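Knowing the structure of chain H, use the given hints to seat chain E on it.
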Amino acid sequence: AQKVTQAQTEISVVEKEDVTLDCVYETRDTTYYLFWYKQPPSGELVFLIRRNSFDEQNEISGRYSWNFQKSTSSFNFTITASQVVDSAVYFCALSGGNTGNQFYFGTGTSLTVIP
Amino acid sequence: KAGVTQTPRYLIKTRGQQVTLSCSPISGHRSVSWYQQTPGQGLQFLFEYFSETQRNKGNFPGRFSGRQFSNSRSEMNVSTLELGDSALYLCASSLTIIQTDYGYTFGSGTRLTVV
Numbered sequence: 001a002q003k004v005t006q007a008q009t010e011i012s013v014v015e016k017e018d019v020t021l022d023c024v025y026e027t028r029d030t031t032y033y034l035f036w037y038k039q040p041p042s043g044e045l046v047f048l049i050r051r052n053s054f055d056e057q058n059e060i061s062g063r064y065s066w067n068f069q070k071s072t073s074s075f076n077f078t079i080t081a082s083q084v085v086d087s088a089v090y091f092c093a094l095s096g097g098n099t100g101n102q103f104y105f106g107t108g109t110s111l112t113v114i115p
Numbered sequence: 001k002a003g004v005t006q007t008p009r010y011l012i013k014t015r016g017q018q019v020t021l022s023c024s025p026i027s028g029h030r031s032v033s034w035y036q037q038t039p040g041q042g043l044q045f046l047f048e049y050f051s052e053t054q055r056n057k058g059n060f061p062g063r064f065s066g067r068q069f070s071n072s073r074s075e076m077n078v079s080t081l082e083l084g085d086s087a088l089y090l091c092a093s094s095l096t097i098i099q100t101d102y103g104y105t106f107g108s109g110t111r112l113t114v115v
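Those sequence lines, one after another, are chains H and E. Position one of the first sequence corresponds to residue 1 (my numbering), numbered consecutively onward. Position one of the second sequence corresponds to residue 1 (my numbering), numbered consecutively onward.
Treat the hints loosely; a few may be bogus.
Some, not all, of what chain E presents toward chain H, calculated at C-beta under 10 Å [stated by the list, open to error]: (1) Pro8; (2) Gln44; (3) Arg55; (4) Phe60; (5) Ala92; (6) Tyr104; (7) Thr105.
Think of the hints as simulated: they come from the structure by calculation, not from any bench. What you are looking at is a predicted structure, and each value in this text was computed from that prediction instead of being measured. Note that the Cβ used here is the ideal one computed from N, Cα and C, for glycine as well.
If we strip away everything but chain H, and leave its shape as in the complex, we get (with noise of 0.2 Å):
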């Protein structure tokens, strides 16, 4: 089955810290994606990322960094120098694979940046 795990709920950061959020995810397939998105108040869903099942390559864009551990089943994201404006539920999910395109979405992390 098809599972992503977001263990942190809430997270609250002083602006210009830099935070991590944890993804651990679950599956059997050997091809499948990985996606974060960001929903900030306005509701509508952010793409920010997407990986695909062979390329472990981490990524930076910007303040955005993603480190893909397969080996952990983890793909974890970080801002540097945060921001008030990154304030905003954060989601990571998976999809692909025999299941489709439908995604399998965490439960969110709620990062709040306090000025």
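Leaving out everything else, chain E in the frame of chain H:
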């Protein structure tokens, strides 16, 4: 270009009534998926449509149904509303049913409240 448009943004219905929600995908996108988001269950997949055909369905009762039109616009219908149907309903569109480098684009959702 315009994003995914969901109407209405907010809706209040009475138990036992039915409701229809609308989703207009990004121009050119042919795949539309629906998700239900509640505080208790998180984000759960409802169904996915591609070229007017339902390709995948989540684990929801038959009261939840949907359809897609030839212009790729999609509607979902919930009949005999229950209090537990109160949720944010999110629609997502994608160019095809094959995962792309940009995943799915989500709309801002329709907030349904059942009283």
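Verification of the supplied hints:
1. Given the 10 Å rule on beta carbons, the hint for E:Pro8 is violated: about 13 Å separates it from the nearest Cβ of chain H.
2. Interface restraint check: E:Gln44 against chain H, minimum CB-CB distance 8 Å, threshold 10 Å, status holds.
3. Interface hint status for E:Arg55: upheld, as the beta-carbon distance to the closest one in chain H is roughly 7 Å, under 10 Å.
4. At its closest, the beta carbon of E:Phe60 sits 12 Å from a beta carbon of chain H; the interface hint therefore is violated under the 10 Å criterion.
5. Hint status for E:Ala92 relative to chain H: holds, with the closest Cβ pair at about 8 Å, below 10 Å.
6. Below 10 Å, beta-carbon pairs count as interface contacts, and E:Tyr104 has one with chain H at about 7 Å; its hint therefore holds.
7. Annotation: E:Thr105 was flagged as interfacial toward chain H, and the flag holds, the nearest CB pair being 7 Å apart, inside 10 Å.
Of the hints listed earlier, those the structure fails to meet are numbers 1, 4, in rising order.
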